[in-house]
Every structure is written in C-alpha cells, then in structure tokens.
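Undergrad: Produce the entire structure from the sequences given, and follow the hints as far as they go.
Protein chains: 2
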Amino acid sequence: MAEGNKAKGIVKPERPGGFLDFLPADYLARERIFGIIAKVFRSYGYDPIETPMVEFAKSLVGEDETSKNIFYISNKNKNMTQEGQLGLRFDHTVPFARLLAANPYNADTKEGIKLPWRRMVVGPVFRGESPQKGRYRQFYQFDVDIVGVSSMMADAEIVAIIYETLTALGLDDFVIKINNRKLLNGLAELLDVHDRAEVNRDDITKAIFRILDKLDKIGLDQVLFELTQEPDSIFDPAPNLSSEAGEKIKSFINIDGDNYEKLIKAKTVFAGLSIAEDGIKELEQILGFTADLGVPSDKVLVDFGVARGLDYYTGPVMETSLLTAPEFGSVFSGGRYNNLMERFTGQELPAVGASIGVDRLFAALRQLGLLDVSRATITDVLVMRIADNLDSEYLEIAKIIRRCGLNTEVSMLEDRTFKAQFNFALGRGVKYAIIYGENESIKRTIQIKNLSTRKQTEINFSDLEIYFNNI
Amino acid sequence: MAEGNKAKGIVKPERPGGFLDFLPADYLARERIFGIIAKVFRSYGYDPIETPMVEFAKSLVGEDETSKNIFYISNKNKNMTQEGQLGLRFDHTVPFARLLAANPYNADTKEGIKLPWRRMVVGPVFRGESPQKGRYRQFYQFDVDIVGVSSMMADAEIVAIIYETLTALGLDDFVIKINNRKLLNGLAELLDVHDRAEVNRDDITKAIFRILDKLDKIGLDQVLFELTQEPDSIFDPAPNLSSEAGEKIKSFINIDGDNYEKLIKAKTVFAGLSIAEDGIKELEQILGFTADLGVPSDKVLVDFGVARGLDYYTGPVMETSLLTAPEFGSVFSGGRYNNLMERFTGQELPAVGASIGVDRLFAALRQLGLLDVSRATITDVLVMRIADNLDSEYLEIAKIIRRCGLNTEVSMLEDRTFKAQFNFALGRGVKYAIIYGENESIKRTIQIKNLSTRKQTEINFSDLEIYFNNI
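Here the protein sequences come in this chain order: Z and F. Here the first sequence stands for residues 1 to 471, where the numbers follow our numbering. Here the second sequence stands for residues 1 to 471, where the numbers follow our numbering.
Note that these hints are calculated values from the structure, not bench results. There's no promise every hint is true.
Copies of the same chain look alike in the list, so a pair counts if it fits in one copy or across any two.
[Claimed, not checked] Heads up, simulated BS3-like pairs for lysine-lysine below, C-alpha to C-alpha not over 27 Å straight-line: (1) K281 - K443; (2) K449 - K39; (3) K399 - K281; (4) K443 - K419.
TA: Next comes the structure, spelled out in structure tokens:
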C-alpha cells in the first residue's frame, strides 16, 4: 500500500454507482429476513446450493434483452479468450441450468443430481445498467425451484411457499395472482395471429405477453393502444392487432367472479381450443392443491391479466401483489418454464419456480414498518475500562459474560474517562454497560447498567455468571 | 432461451476453471463452519458488514503484486470508462479502507463510523490467475479486524479469537506463532542494509521479509542462499547480504527457550536499538493479555522466523500452524497494519486483524476428519405418495410434520411404485420415510420408517404431531 501511495497519490474513497455497502444495521436486517425466507424454503425440502459469480459468456448470452447488459470480465496479463470470454451471472436460472446439465444422474455410480430436485439459491447477480439510471448493478435474488415434475402439485407447492414466506415475514394484506401462459397462447390463436413476411408467429405472441405484462404499470387503455399499434418496420414484432381483437383481449382480461367462476367463463371463451383447455385444467388443479396445502382461498386470485414478461415461461405464471403497498409491484414471482435446459441439452425438462426481488421486498417491508433496523450492532455488553490497572479483570469479566452467550466487547477507546466510554456505549447501541472501578475492585462487586431502562444493579463479582445466565 | 438456442445452437455446460459450485453437501458443511466462526467473532463484538464485489480499479490497484491479477469488468453498451474502470475486489482489506474513509464519524450528526470499530466480513474475492494453474479465481475470505486501537490489547484479542475459533472448529493440535515486524526492521538495521544506487533500503528490507516468509516452505538453507544471492540487475532489490549477515539472521531465527526466554535473549541481541526494543515490549504485552483472555500458554509461540510476506504489516504478525496437518500452511493469519488508510486519506490509522483462508481451512478440516459432509440434504422427512387418490392427505401429512419443525418434502417422483420412492428416499439421505397407502388410510394410521435404524413404527394419524414433536 505504501508503494501504491507513493506512486499514485491519494485516491478518493468512492463506491461505483449501482453498488451497495451493507453496514451492520442493514446487514443484520437482511440477515434476519434471509433467515426467515430460507427457513420456509427448507421446510419444504429445498436444498441450498451456490454457483460462482462468473460463467462463460457463451452460457449467459442467448436472450436478446439480457445479453446487452452482461458484465464481461477480463485480466491484463492472461490470455483469457483462449479459454473463452467470461461474464458475471445476471440471474440464478442460467447457472442452475448449466449445473443440472453438467451433473446428470448416473444410476450406476449413483452420482449426479437425482430428479426430482428441489433447490434454493440466494446471492448477488449483476446487470450492466448505466450508473446514472439509479438502478442497481449488483443485487440479490432469492430463488426457489423444483425440476423434474410435470404435476401441478409442484406449481401449487411454489404458490404455497410464496404464501408461507410472505406470512412469515409479517405480511398479511397480499394476494398471489395466477394465470397460465397456455391461456395466453390460446388467446393468440383466437386473435388469429399468424406469421408475417419477416416475423414469425411466436415472436408476435411473445410481444403480446410483454405488452400485457405492463398492465399494472400503464393501464388497460395504453395496453390496447400498444397492441393495436402499427409496426415500426417489417422486422418489428409489434402485434398490430385489429381493434376487434383488442376488444376480445379486454373482455378476456375483465372476466369477473370468484376463481372458479372465472375458470368456467374462460372455458366458454376457449371451448374446443385444446391448449387453453389444458391451461384452465392446470389452474383448477393448482387451486385444489393449494387448498390442500393450507393456503387460504382469499390469498390466491386467478387473474387473466398476469402475463410475466419473460419469454421462457411455458405454463402457469404467478406474481404477488402487496395490497397496502402495490407501488412496489410483485415482490415474489415465478412460473413454469419447461425449456430450462434447452440451451445446454436441447431437451425439455419440466421446471417451476419463483424468485424474490430482494431489494424490492426490502423497500416494501421498510415502508410497511416490517423491517427491523433498530440494532446497529451484534454487541450486547460493553465492559468499560475506567481504572488504569484493572485490565486483567476487565478481560476476565468479558470472558465470563461471553460464556453466558452474550456478545461482549471490552472498551478500547483511547479516552478512558467514564463519560467518553459511557457515551460510546450509548452510541454503539449495546444493552448493558459494565462499570468496574477502584471501589468495585475493593468491594469485589460489579455495577451493571441496563442502557434501555437506565437501571443500575450492583452484584457480587462471583455472581456475574449467574446474573447473565438468568436475564 | 428458445431464441438463443435457435440462433446459437447447443452450448456445452462448462464451468470456467478456478470457479467452484457448491452442491448441498458442501454448501451445508461450509454453512456449519461459517456459523461456528461467525459466532466466535460476534461474541467479541465484531459486527458483520458487506461491501460489493465491484470497486473502482483505482481503489484496487497500488500494490505491484496484486494489480496484475485484478479482474476488470466491462459492458458492451455502456461507456463505463466515463465513470472510471471497474474491477472485482481481490481481498476485503481495500474495500474496508474505502468504506472507512468514505464514512468518517461526524460528532454533530452522530453519523459515520465511530472508532474504535470491530468488524467481520466474509465473502468471495477474485484473482485473475491462469485457469491452468489449478488455483481458485473466486474464493472465500473470512476477516476479522479492529481499527482505531494502538494498544496491544487489540492484537492480543485477535490472537484470542484465532485460538477460540480453531478450538470451536474442533482443532486442538495447533499453535499460534507470533513475531513483530519491528524486530525484523531492527534486524535489517543490525545487518547494515542501506540504499543502493537504484534501490532504496525499504524495498530491500521488504525483500528480506518476503524471503523469510518462505522459511516453512523452502527451509533455512535455501532462505540463506536467497538472502545472500547477487541481484539480477541494478534494479533488483535482492538483499545481497554478506554471509556474516546471513549467520546473524540464522542465529536470530534459532533463538530458543520458552516465550519469555526468547524475548530476553532477543533483548540482548537488539540492546539499544529502540525499534526492536519496542517490538519486544509489544510481544511481552501480547503474551500477558492473551493469558488474561484465557489462551493457554502452550498455544502461543514466539517465533522469530514468522515474517508474513505482505508489505503492509507494521507491527505484530501472527500465523497458525496445524501440528497434525502442517502441509496446509497457516489457515488463519494476520497482524497489525497501521497504514490501512494511507491510500485514501494519507493518514495513519491503527488497525489489526486476521484472515481465514477458507479453502485451505476446509481442506485441512476435511483431511483431519473434522468436516461433516455426511448430509447432502436439509430434508428430514419424505412423504411417499403410494396411492393414486390420497394426494390431499399426503399434503396434509407433510404440513403437520413441517409444523413440528422438520423439513418435509412430498415425493414427486413420476414413478409412484413403493420401490422407486423408497430408493429415492434412501438416495436422498432423509431420516424418515412416511408410508401411507390404502390400508393405512382405512385404518387411519401412518407408518413411519426410520431410515438409519430401519425400524418401522405404526401410529394413529391423530398422533402424528405428538410423535414428531417428541423425537
């Protein structure tokens, strides 16, 4: 460091935009939340794994929207392109697929990943956003997925996990909205979407999904406007629907009634269209299983307006809405994506899962008063060092209190006055300050100051362990 | 994903060299170890923080050795050089210094970081090693540091934390070796090291430290050979010591006796040399405080051969040696580095800390049989779905067992035969399999198979919660 300093002078201590520090109060708040989430996920048998931050770029790219904002990594001295360009992961799904494809189960050696497999993962992901946008460039995602199951029991389990997680976090005013991509695909058929000269039907259907996904943000009128808009060019997959088709979408989205009534009405709309009928049957099954799993019926809402923008969903999709904080959007969303492995194996593999947008969830919890940031330290007890010649005893006192399971620090403030150390204890947010000076040393007593009640208790030195074992 | 596949075809599911996946068995083993370490650190009042993976490259570079192997990150679409080149952190120390420099305490607003401050941090760091070398390019470091304290009480606390951590991990055959850079600086004075035309004294002294640091690996003879070797060029800081100076080093390193005897002998060697006398006094203080802190005297060893290669140490240095697994080198090392903030503020700030090389520690624990990788899942109970028409009951059974605090998964194997599901339960490593078929349904009983004892117990359905609450 000395060398660098001489050579380069002082460096401004800046953090790049879009990256966060977690000081203790925020770190501890997040730790508690992550603990609650992990406990729910694990209670259903979802095993934790971790993959590296870095993957081959060829594994990461593929989808147009994301390939643009991948962070690539390089090193001055090594010819890394020999091995292949590397990049930072932008989600947990691609590394999950890579991991599964690289570890197929071998019945002879009994090695590899045996399906069905439930796994959870939490960790930072990276997006090459412009720092000006105020968006995060490193942020946490917390995912829960099950692979190898076609049954809607898996989809229902994901819904149940969403319900239990949000409940465990102290939320109660929320609904989990479910829909099925198969209905939207059916709708595209009803609307008579077909290939255009330079754009295929699939891409137009996906464009419909992406526009529908903005429903909450831009409203139905604007959605209909965008759905019926003319393409910019012959390559633009803009759906360019007729106003009649727009009306069909509107009446489909606006189907009302309770969940089963909605499904009955949808059956009429889609009568004879097998893909949509499949989709309706799947939603019925999910409603049945979630009830068995103990999810209250008012927490699950069939909502034909839910599309989820991501191209890879193939079946049921789900998102959450916090009714007292709708402005944060969906904090926990997911769906079925049977094409997970296509890029690596070319095979279909049934998979369903959901992901928590951790920063969004935190912002919502904070606003709703459900995020406890009151403690800025893990320290419970501070041992003040008032007398000059009692260091051995201060260290011993701390050792005894630690043995009682309390996190205990010995004051190392250079200013050894009572006032300075007491103020330090207050500022640090500890629960107890230990006062032990010449007088106490002679009497073999210890003063314990409770910093929230401000009550001071004098005990015998020999009773210290008993005292802290019993608070 | 479908799009990417069409455009690019199948991608081989490879992981770049030097990066690791953690499947559940390894993840859970690491989680247990990290939990043990964090508990010890926190018991001394070290608060957890987190900084991002990414920093400005100008913050990271400085030391010659590390600037070469920084990973730089870039993005195709954004002009990131406008804001400044970004890189992945290679340790936790530089981000810690950046964080401290950016958050000075303000007595008026009471914001910022009040010193002294104890903090711990764990997370991945990155080095741009060649993948061929078989070295990790992403690996975990677990650091514990205290800033703002000049007293040797802080250094002794770090030694005590090393002792308690290793003990908590189940290790007992180890010693913590301590030395002081001030003695080595004194030694350099005794050896009459002075500036050469193109190399200054400081750089030659550092070269001595780096050669001494290899003592464990290459032995004393080779160390003496390197210390007395001629420089390659006039710019080479090779110490080029006389063979007489080499003998002085040898007799210094070989000073024997117990800790206090060694210090007395060293006093004779360095009589009148104030920097070395300071260093000896500091080691005496550390020995006194570590005894007060309850560290057994046979666990701390004054060892004048300990140098620690890193340039930034300025006082006491410490490393550990696992006596039954010395080949792993030091798994937990550190020292005092009062120049931490120099790059960002130009000021001295007293700091002392230590760092666990997590991968090395894991390898050592694994070899010593202290790493529990026996459980490859967090699932305790698997509910088999044998009958076709009892899904509601299977989901209910799982719900009840979860309520007892056991992680419970419902079998979603497509093959619903008893054999397939039972084998799945065995392979998955769960503790209990729940068997509930037509017969049990009629009798309203449940069969519980303990998979380690192979004992099967039949209980009434209504006793399920009581049963699992009492195991």
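Undergrad: Please sort K399 with K281 into within, between, both or neither, judging by C-alpha distance up to 27 Å.
TA: between (64 Å within a copy, 25 Å between copies)
Undergrad: For K281 and K443, with the copy left unspecified, which applies at a CA distance of at most 27 Å: within, between, both, or neither?
TA: neither (79 Å within a copy, 33 Å between copies)
Undergrad: Tell me, please, which holds for K443 and K419 at an alpha-carbon limit of 27 Å: within, between, both or neither?
TA: Intra 23 Å, inter 73 Å, cutoff 27 Å: intra-copy only.
Undergrad: Measure nothing new, just compare the shortest in-copy and cross-copy C-alpha distances for K449 and K39 to 27 Å and report within, between, both or neither.
TA: between (36 Å within a copy, 25 Å between copies)
Checked against the numbered hints above, the structure breaks only hint 1 and satisfies the rest.
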